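There are 2 protein chains.
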Amino acid sequence: MKVLKGGLENVPGYTFSAVKAGIRYADRLDYSLIVSDGICCGAGTFTTNRVCAPPVKLSRNRINNPIKAILINATNANACTGEEGYKNTLTLCADIASRLKTEESSVIMSSTGIIGHQLPVKKMMAKHPELIRSLSSDKGKLIPEAIMTTDTVPKMMSVSFSSSEGEFIIGGTVKGSGMIAPNMATLLSFTLTDAPVAKDRLNSIFKRVIDKTLNSITIDGDMSTNDTAIILSPDSGRKISGSDLNNFEDALNFLMWNLSEKLVADAEGGTKSVKIIIKGAQNENDAKKAAKAVAESLLVKTAFFGMDPNWGRIAAAAGSSGVLVDENKLSIYFEDIPLLINGTPVSIDANKLDNILTMADYSVTIDLSAGSSEALVLTSDLSYDYIKINSEYST
Amino acid sequence: MKVLKGGLENVPGYTFSAVKAGIRYADRLDYSLIVSDGICCGAGTFTTNRVCAPPVKLSRNRINNPIKAILINATNANACTGEEGYKNTLTLCADIASRLKTEESSVIMSSTGIIGHQLPVKKMMAKHPELIRSLSSDKGKLIPEAIMTTDTVPKMMSVSFSSSEGEFIIGGTVKGSGMIAPNMATLLSFTLTDAPVAKDRLNSIFKRVIDKTLNSITIDGDMSTNDTAIILSPDSGRKISGSDLNNFEDALNFLMWNLSEKLVADAEGGTKSVKIIIKGAQNENDAKKAAKAVAESLLVKTAFFGMDPNWGRIAAAAGSSGVLVDENKLSIYFEDIPLLINGTPVSIDANKLDNILTMADYSVTIDLSAGSSEALVLTSDLSYDYIKINSEYST
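These protein sequence lines map, in sequence, to chains A and B. Residue 2 is where the first sequence starts when you use my numbering, and the numbers rise one by one after that. Residue 2 is where the second sequence starts when you use my numbering, and the numbers rise one by one after that.
It is possible that some hints are incorrect.
One copy or any two copies: either way a pair holds, since identical chains are not told apart in the list.
[Said to hold, decoys possible] As a list, the in silico BS3-like pairs of lysine-lysine whose alpha-carbon atoms are at most 27 Å apart: (1) K276 / K389; (2) K200 / K123; (3) K58 / K88; (4) K353 / K389; (5) K330 / K58; (6) K140 / K290; (7) K142 / K353; (8) K200 / K58; (9) K330 / K389; (10) K276 / K208; (11) K88 / K330; (12) K200 / K280; (13) K213 / K21.
It should be emphasised that the hints constitute simulated quantities derived from the structure, not laboratory data. Here the structure is a predicted model, which means the values were calculated and not measured.
Hey, can you work out the whole structure from these sequences and the hints?
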């Protein structure tokens, strides 16, 4: 597997466009389109929030169809917009389908941005000719920027992997820096490959990978109404199989984990990315629950921001998760430095610890000594800027 | 029922003392004692955190004994301190018991403050003669101050209620402004009464009241290792019964709700107290779950701080709680102003809404229209000062 420079534009078989439609703000790329040369198999994971946006409903309904195109807008989530919001999604997709001379059912849509406002459909429709006209493979570079909301940097990556059918490429882009919690895709994520993967394998591999990557990060514990992660693979040529599929999964996992790290690194107001590793849990479910409780504790996250090795808050958060925690068996490490071993505080070398606490990313390992299951959740710290961004970002 | 001036000092039958023991800081009241003239029945609720402090274990073990005294220290939680921490609690209580010439098993203890440090037992023992010597009924005034940690104001209250046996008094004090979540008493809370209530009635009434008061508030969703709420009632005289017990419960409920409001009003960095009211839930459990999800959402809490009527975040938080939420039936009100009715945004009078958003306390009602159950959780906003307090409060 090789990491390539750039993102989506490296994947053969797709074209892209992005325009300034003025959906909420003037003069920013906010409306974009991904079109496959042929027809694709798709797999997707979507928010489990009971309140979910029309584009999520539409894409969830259509993801098992043959897929030709993904239409994406930023700055307006088209969420909590009722019947009218759903009709707007249908209208936009239908028009794109007709211009692409493809089935209406092969176009899906994702939206991100403010909740509770109808999309400016006329404005958006007016941009459709430009979206179609400007389609080209190198415009893949524009997609990461066109889907951003409070993100401070566009996020993309691409890798190549070998198979018995030759070299294939996977390219991906993600957006999201708040309303992120490990209970679904937690954001918008679009991944493309030129490797032909059978639909059922694509589904199972994508689910496994998302579980270990996008579903294992948290920024603020808030679950979005619009979370969507989609992968497309051409429905043509000989499907890859056997060890080639393993190579594909490894490469996809590598790519999605790296994109997940980019998300947490760009967390709203975040200054740290901290891997919360639970070891020695009774079972995997317990491990995840405890990791999530620590990763989402406001007191733990403010301590990370304050560069304070406050293992007491970590122990309290793990204990509050409801999983079996015996404080007399609990051990806590910052990187490889133990702060607590079997419930007993360890005297520590403050300099060594300071070196860790000032790093932009490090790991905290909590050993429950109750079993052999493990889990990892990647979290950010909680800073003044998170408050600033979210108290000033207004309806 | 009448609200009295002052707090614990109004309750006949108890004496108090508080001293500066220098447990963590010089020159502050940090060690205090409550002693009943006779022997009391007690009832208590304690943290459900798996990591709980030695004083919690001791008090939980002893709360059903005849109770004579409560020993309390601030600034050191004596949590995550293992065997030694438990022995220290035993030692301190035993010495107080012997000085009071009472059973060791009739003294309970509460601690609050930093986690993971052993108590300075010698320093504390040295203050025992002074604690005993200075016991007096008017020193009840000092307890609220002596138990504070990051609280900015001492919190106390007292009420009187009538019964067929005459007038009785209930006095209470609470502390806590962070690590507060509605899954147990979430703090230290001491309530005294001169009304003789039978042990089993005291238990059931206290449990019901705590559920509706201290267990229905949240500040940061973090559950402490030391949460303790205790009530004492004299085990002497004719026990009150019948409608007198109802009067007692009403008065206790009123007192505890008011103390709960004081806690949220003094939330770390808080500028708002917001009542999150869920209506129309399928069952009470769902109502509580949804209320808690909204009350603990960082995005909702930062919006309250930013005085932004961001009902989209409220809908998203309710939807993410896992309870049945149909967005087409969802209605959201700030006080009596609807922002969303049956899933459709309502155009609002911005001035009227601004008047609400600038108030120090108001209610947000979320009607799920899925049933007839209700719940209320009182929450604070999330401000820069929460980050300041918790990133700078250091181990």
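Against the structure, the hints come out as follows:
no., hint, in the structure
1, K276 / K389, "both (25 Å within a copy, 23 Å between copies)"
2, K200 / K123, "neither (36 Å within a copy, 71 Å between copies)"
3, K58 / K88, "within (12 Å within a copy, 59 Å between copies)"
4, K353 / K389, "between (32 Å within a copy, 25 Å between copies)"
5, K330 / K58, "between (46 Å within a copy, 17 Å between copies)"
6, K140 / K290, "neither (41 Å within a copy, 45 Å between copies)"
7, K142 / K353, "neither (41 Å within a copy, 46 Å between copies)"
8, K200 / K58, "within (20 Å within a copy, 56 Å between copies)"
9, K330 / K389, "neither (40 Å within a copy, 32 Å between copies)"
10, K276 / K208, "within (21 Å within a copy, 39 Å between copies)"
11, K88 / K330, "between (57 Å within a copy, 18 Å between copies)"
12, K200 / K280, "neither (35 Å within a copy, 43 Å between copies)"
13, K213 / K21, "neither (35 Å within a copy, 52 Å between copies)"
The structure fails hints 2, 6, 7, 9, 12 and 13 (numbered hints given earlier, in ascending order).
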